[in-house]
Amino acid sequence: AQRVTQPEKLLSVFKGAPVELKCNYSYSGSPELFWYVQYSRQRLQLLLRHISRESIKGFTADLNKGETSFHLKKPFAQEEDSAMYYCALETSYDKVIFGPGTSLSVIP
Amino acid sequence: GAVVSQHPSWVICKSGTSVKIECRSLDFQATTMFWYRQFPKQSLMLMATSNEGSKATYEQGVEKDKFLINHASLTLSTLTVTSAHPEDSSFYICSAPYRLAGVVNEQYFGPGTRLTVT
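Sequence lines, in order, name chains A and B. With the numbering used here, letter number 7 in the first sequence gets 7, and the count goes up by one each step, no holes. Throughout, the numbering used here is defined as the position within the second sequence, counted from one, plus 108.
Chain A on its own, in the form it takes in the complex (with noise of 0.2 Å):
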């Protein structure tokens, strides 16, 4: 089965504080992650994906093919950081398959 998972619906950090959002996916294949955010009123857009190794933002993801994890990680939370965050996972044929997402709010 193809699934992403987000364990937390919501989380809330200071700002300056490190932020790690979790996402575990199930895939029998050779998985392409990705996460994608959402700011308020915007369209959905890419954040990074794991076959750049990129920073992008501050923030990195690794891919932990045996724990089926691609965790989002930034080491100072920004305001501007708060936003809806997507894991996902594109499959054979291009498709994407999206995590329930997490809302980060950074309180300042």
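Source of the hints: derived by calculation from the structure; they are not laboratory data. A hint or two may mislead.
Cβ pair distances, simulated, as ranges [unchecked claim]:
(1) A:Q78 <-> B:S123: 39 to 47 Å
(2) B:K163 <-> A:A1: 22 to 30 Å
(3) A:G66 <-> B:S113: 38 to 46 Å
(4) A:L46 <-> B:Q150: 14 to 22 Å
(5) B:G161 <-> A:P18: 43 to 51 Å
Selected chain A positions facing chain B (in silico; Cβ < 7 Å) [stated by the list, open to error]:
(6) R43
(7) L44
(8) L46
(9) E67
(10) V96
(11) F98
(12) P100
(13) G101
Here are the simulated DSBU-like pairs of lysine-lysine, each with C-alpha atoms no more than 30 Å apart in a straight line [stated by the list, open to error]:
(14) A:K57 <-> B:K122
(15) B:K172 <-> B:K149
(16) B:K149 <-> A:K22
(17) A:K22 <-> A:K57
(18) A:K73 <-> B:K149
The structure displayed is predicted, hence computed values, not measured ones. Each residue gets a CB set at the ideal place from its N, CA and C atoms; glycine is no exception.
Chain A is fixed; fit chain B onto it per the hints.
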């Protein structure tokens, strides 16, 4: 850069009528597009894959006769909600994969269409 547009951005219709939503890829061609629906405070649920020149493929549980998809050209896919009912009220979002040398570089999402059925 690659952009996906949707029209209309919001629509209100009466129960029993049909509504057509357009999804366009601007500045790039898309042989496939995807349609999602998103209920308030919930995630995006994939409804179907729109295929240019062939029939759409629907996810399990999605009524193909209710949600008609037509991929008329390499830049346009339409979703028609037929005989709409209040439970069809939702946010409908499309996406299109942008390819470089045949490999998907990134999925671009439309801004979404808010459908309200009264």
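To see whether the hints hold, each was checked on the structure:
Distance hint for Q78 of chain A and S123 of chain B: a CB-CB separation of about 45 Å, consistent with the stated range 39 to 47 Å. Roughly 25 Å separates the CB atoms of K163 of chain B and A1 of chain A, a value that falls within the hinted 22 to 30 Å. Against the hinted window of 38 to 46 Å, the Cβ-Cβ separation of G66 of chain A and S113 of chain B comes to about 41 Å, which satisfies the hint. Between L46 of chain A and Q150 of chain B the beta carbons are some 20 Å apart, a value that agrees with the proposed interval 14 to 22 Å.
Range check, G161 of chain B to P18 of chain A: Cβ separation about 49 Å, and the 43 to 51 Å hint holds. With 7 Å as the threshold, the beta carbon of R43 of chain A comes within range of chain B, its nearest partner Cβ sitting at about 5 Å, so the hint holds. For L44 of chain A, the interface hint holds, since its Cβ comes within 7 Å of a Cβ in chain B; the closest pair sits about 4 Å apart. Interface restraint check: L46 of chain A against chain B, minimum CB-CB distance 6 Å, threshold 7 Å, status holds.
A cut of 7 Å between beta carbons decides the hint on E67 of chain A: the least distance to chain B is about 22 Å, and the hint is violated. Because the closest C-beta pair between V96 of chain A and chain B is about 6 Å apart, less than 7 Å, the hint holds. Taking 7 Å as the C-beta cut-off, the interface hint given for F98 of chain A holds, the closest approach to chain B being about 5 Å. A least Cβ separation of about 5 Å between P100 of chain A and chain B falls short of the 7 Å threshold, and the interface hint therefore holds.
For the restraint placing G101 of chain A at the interface with chain B, the shortest Cβ-Cβ distance is roughly 5 Å, inside the 7 Å limit, so the hint holds. For the hint linking K57 of chain A to K122 of chain B, the alpha-carbon distance of about 44 Å lies beyond 30 Å, and the restraint is violated. At roughly 25 Å between alpha-carbon atoms, K172 of chain B and K149 of chain B fall within 30 Å of each other, so this suggested pair holds. For a cut-off of 30 Å, the pair hint linking K149 of chain B to K22 of chain A stands: about 18 Å separates their Cα positions.
Pair hint K22 of chain A plus K57 of chain A holds up; C-alpha atoms about 18 Å apart against a cutoff of 30 Å. Taking the CA atoms of K73 of chain A and K149 of chain B, the gap is about 23 Å. The hint holds against a cut of 30 Å.
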